[in-house]
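So the sequences go chain by chain: A and B.
Quick note on numbering: the first sequence equals residues 457 to 864 in my numbering.
Quick note on numbering: the second sequence equals residues 457 to 864 in my numbering.
All the given hints hold, so there is nothing to weed out.
No distinction is drawn between identical chains; accordingly, a pair holds when it is met within one copy or between any pair of copies.
In silico DSS-like cross-links for lysine-lysine, where the CA-CA straight-line distance does not exceed 30 Å:
| # | residue 1 | residue 2 |
| --- | --- | --- |
| 1 | K707 | K560 |
| 2 | K761 | K861 |
| 3 | K806 | K788 |
| 4 | K861 | K560 |
| 5 | K617 | K761 |
If you are wondering where the hints come from, they were derived from the structure by calculation, not from laboratory data.
Remember, predicted model here, so these are calculated numbers, not experimental data.
2 protein chains.
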Amino acid sequence: MNLDNLYSQLTVKTQAKLALVVLDGLGDIALPENGNMTPLEAARTPNLDALTAQGCAQGRMIPVAPGITPGSGPGHFALFGYDPIEYQVGRGVIEALGLGLELKQGDIAVRCNFCTLDENGLVADRRAGRIPTEECERLCALLKQKIKKIGSAEVIIRPGKEHRFVVIFRGAGLDAPLTDTDPGRVGEPILEAKPLDPKNAKQKKTAKLVADFYKAALPLLQGEKRANGFLMRGIDKKPNIPAFETRYGLKPACLAVYPMYKGLAQLVGMVKIEGPETIREQFERYLAEYDNYDFFFIHYKYTDKYGEDGNFEAKKKAIEEFDAALPILLRKKPDVLAITGDHSTPCPIKGHSWHPQPVLLHSRYSGNDKLERFTETGANLGSLGVFEAKYLLRLMQANALMFDKFGA
Amino acid sequence: MNLDNLYSQLTVKTQAKLALVVLDGLGDIALPENGNMTPLEAARTPNLDALTAQGCAQGRMIPVAPGITPGSGPGHFALFGYDPIEYQVGRGVIEALGLGLELKQGDIAVRCNFCTLDENGLVADRRAGRIPTEECERLCALLKQKIKKIGSAEVIIRPGKEHRFVVIFRGAGLDAPLTDTDPGRVGEPILEAKPLDPKNAKQKKTAKLVADFYKAALPLLQGEKRANGFLMRGIDKKPNIPAFETRYGLKPACLAVYPMYKGLAQLVGMVKIEGPETIREQFERYLAEYDNYDFFFIHYKYTDKYGEDGNFEAKKKAIEEFDAALPILLRKKPDVLAITGDHSTPCPIKGHSWHPQPVLLHSRYSGNDKLERFTETGANLGSLGVFEAKYLLRLMQANALMFDKFGA
Numbered sequence: 457m458n459l460d461n462l463y464s465q466l467t468v469k470t471q472a473k474l475a476l477v478v479l480d481g482l483g484d485i486a487l488p489e490n491g492n493m494t495p496l497e498a499a500r501t502p503n504l505d506a507l508t509a510q511g512c513a514q515g516r517m518i519p520v521a522p523g524i525t526p527g528s529g530p531g532h533f534a535l536f537g538y539d540p541i542e543y544q545v546g547r548g549v550i551e552a553l554g555l556g557l558e559l560k561q562g563d564i565a566v567r568c569n570f571c572t573l574d575e576n577g578l579v580a581d582r583r584a585g586r587i588p589t590e591e592c593e594r595l596c597a598l599l600k601q602k603i604k605k606i607g608s609a610e611v612i613i614r615p616g617k618e619h620r621f622v623v624i625f626r627g628a629g630l631d632a633p634l635t636d637t638d639p640g641r642v643g644e645p646i647l648e649a650k651p652l653d654p655k656n657a658k659q660k661k662t663a664k665l666v667a668d669f670y671k672a673a674l675p676l677l678q679g680e681k682r683a684n685g686f687l688m689r690g691i692d693k694k695p696n697i698p699a700f701e702t703r704y705g706l707k708p709a710c711l712a713v714y715p716m717y718k719g720l721a722q723l724v725g726m727v728k729i730e731g732p733e734t735i736r737e738q739f740e741r742y743l744a745e746y747d748n749y750d751f752f753f754i755h756y757k758y759t760d761k762y763g764e765d766g767n768f769e770a771k772k773k774a775i776e777e778f779d780a781a782l783p784i785l786l787r788k789k790p791d792v793l794a795i796t797g798d799h800s801t802p803c804p805i806k807g808h809s810w811h812p813q814p815v816l817l818h819s820r821y822s823g824n825d826k827l828e829r830f831t832e833t834g835a836n837l838g839s840l841g842v843f844e845a846k847y848l849l850r851l852m853q854a855n856a857l858m859f860d861k862f863g864a
Numbered sequence: 457m458n459l460d461n462l463y464s465q466l467t468v469k470t471q472a473k474l475a476l477v478v479l480d481g482l483g484d485i486a487l488p489e490n491g492n493m494t495p496l497e498a499a500r501t502p503n504l505d506a507l508t509a510q511g512c513a514q515g516r517m518i519p520v521a522p523g524i525t526p527g528s529g530p531g532h533f534a535l536f537g538y539d540p541i542e543y544q545v546g547r548g549v550i551e552a553l554g555l556g557l558e559l560k561q562g563d564i565a566v567r568c569n570f571c572t573l574d575e576n577g578l579v580a581d582r583r584a585g586r587i588p589t590e591e592c593e594r595l596c597a598l599l600k601q602k603i604k605k606i607g608s609a610e611v612i613i614r615p616g617k618e619h620r621f622v623v624i625f626r627g628a629g630l631d632a633p634l635t636d637t638d639p640g641r642v643g644e645p646i647l648e649a650k651p652l653d654p655k656n657a658k659q660k661k662t663a664k665l666v667a668d669f670y671k672a673a674l675p676l677l678q679g680e681k682r683a684n685g686f687l688m689r690g691i692d693k694k695p696n697i698p699a700f701e702t703r704y705g706l707k708p709a710c711l712a713v714y715p716m717y718k719g720l721a722q723l724v725g726m727v728k729i730e731g732p733e734t735i736r737e738q739f740e741r742y743l744a745e746y747d748n749y750d751f752f753f754i755h756y757k758y759t760d761k762y763g764e765d766g767n768f769e770a771k772k773k774a775i776e777e778f779d780a781a782l783p784i785l786l787r788k789k790p791d792v793l794a795i796t797g798d799h800s801t802p803c804p805i806k807g808h809s810w811h812p813q814p815v816l817l818h819s820r821y822s823g824n825d826k827l828e829r830f831t832e833t834g835a836n837l838g839s840l841g842v843f844e845a846k847y848l849l850r851l852m853q854a855n856a857l858m859f860d861k862f863g864a
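Go ahead and model the full structure; you've got the sequences and the hints to work with.
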């Protein structure tokens, strides 16, 4: 039997409130130059410490599979309880979400780079010399002004940073994925986007649309010195994902600041609560919305940001700022509270990694691992062990007494 | 999606050197009569201790599945990253490898015992009274001299210890497995070897070959008092296993002393480096070959041997001898170093066991579990948790930064 079906069958409705607090990229590794401590270990966290002392279960979570480093998409999908290998999201979709674009069912999203073409039409620079963002915005405005539709499909163009932009094709009868037009190296022509499934008529139609878009757009860039072409990657559609509320029987809300995480939450049908800009404001808003939802996804970005920078002190400080805000959330303590990351972003790696992230679970029924603090090393000793992140939501449900007994 | 395919898709080439050091049967269990310590805990291991202090991740590995005791084949296949249930190797093949026989594609290998038949041709002793090895050698020489071929198939006969020997059938159009000819108890006749798949014509041909071999061989043994018959078990072919180098993008070498482990490494396509007889020589040779390979499998037998003898002191001493040699390896420290066993061989059990073996992983990115030593009890507290041994190689690859990020 499919395990998700079993969970569904056992699910009962309760009045419990659940909160999943994600410190993006929280996990880290200890190195001698940092006193053999991780940022979480080095940080002063009196409020997390007090929560731990009240009784928490700890453990570490494998985001996808042993040794695999997830992007933000798979990292969050696992936290939302969806198998990140089963539910994959195309790069175009992630990029569109990151720029705050709303995707409708059937939309095809594409990640684009402006590039430089030589006199023979071959790619000379795959990033157009990393043109400044303002130039990208000017060129996108130009394309937007001239190209509103291709055939019957609406075309949405949104500039990103430097040479990056996103195109969305919105219309009936489209499908994806298609292959990239980016040849992946210089000295080659822009490739044709082809259906991944050659027998799929809707993918063929989308390929034609992409080709027609090139025909319309390239002449508009002809006078440009650097950005006289563009390359498309991750041509994919909005994935069809079972709605969070149906799947778990929980009415979910998202309290995130960055567009990407709002977008990921929206993909599973969470309600985006707009407004808050800081973790304090996010927690304040949680208090205000407490009665309106059953499940709160609260996302804090800065642990990942400073991990990516390799900035140990700043990551440590971001954790301390989070800790200082935590008492606001605890004014109306959710029945089940999980605090974790979507993956590790170790400062020595300056990027996401495969290291299992620590997780803290607190509820009346979480048990007490009797650890003094919430840290990576402590979490190694916790009652949750090392487990796949996709099960965290099931453990939260269990702690909310949302599952009937299985069998007699 | 198949997880191995996902790993393959994410694999990138790096310059990293990886070393997998296997102390065969390393894991053990503590008993009061041994001061509540395992041999690894009781051993003086200053060099392992120093390595641990530099920063290591530890954990314990389930060789096959909870409670399952592996033979050397499944134990090593898991360490080589192959699911030991998916990739099974027949006992005839393992026995042939153990005797140093090289197997070619299509070869059928059979594990044989000399046995005693009574006047009615029924099995009276399944091990022919455990005849001495010299007698086995004499009888095998006799069979070899008289039987070079059966039909068009070449017959290779190699004596083992006491009553054991191995037969290999080499020819076109053969297949296996076949059922055993060993009835499993006395008072019954030698059984007919039958195709496991009755519709498989190649298996039928092989069954005929086995029957013909009996017809040729039994008359030659008629005058023998004890070894006047023989029983065949594990009639199987050399398995078809995806090559290690293709699978992982790593050029592998094997530094083993005992034929069985060379043979297992050869089954996955590792290059056998011949010559070294001791662990010091193996490490010296590793230094010499450092530039020629990306992956080194270094096998140390004596921990298992003394575990099988139930000799706690000798197993402890074998670990100390290994530890004393370790600084040679560390003169050119591999980028990723794993030290573990292929299974546990607890002295109180005097044989292989199901107890998860401890594993130590050291790299710039392994993190530091802040444990003082590498032991079973320490490994219980490590960041790797308890995991299936087949993932160790994937974790080693991750530590070598050999995997792209999954998803955006």
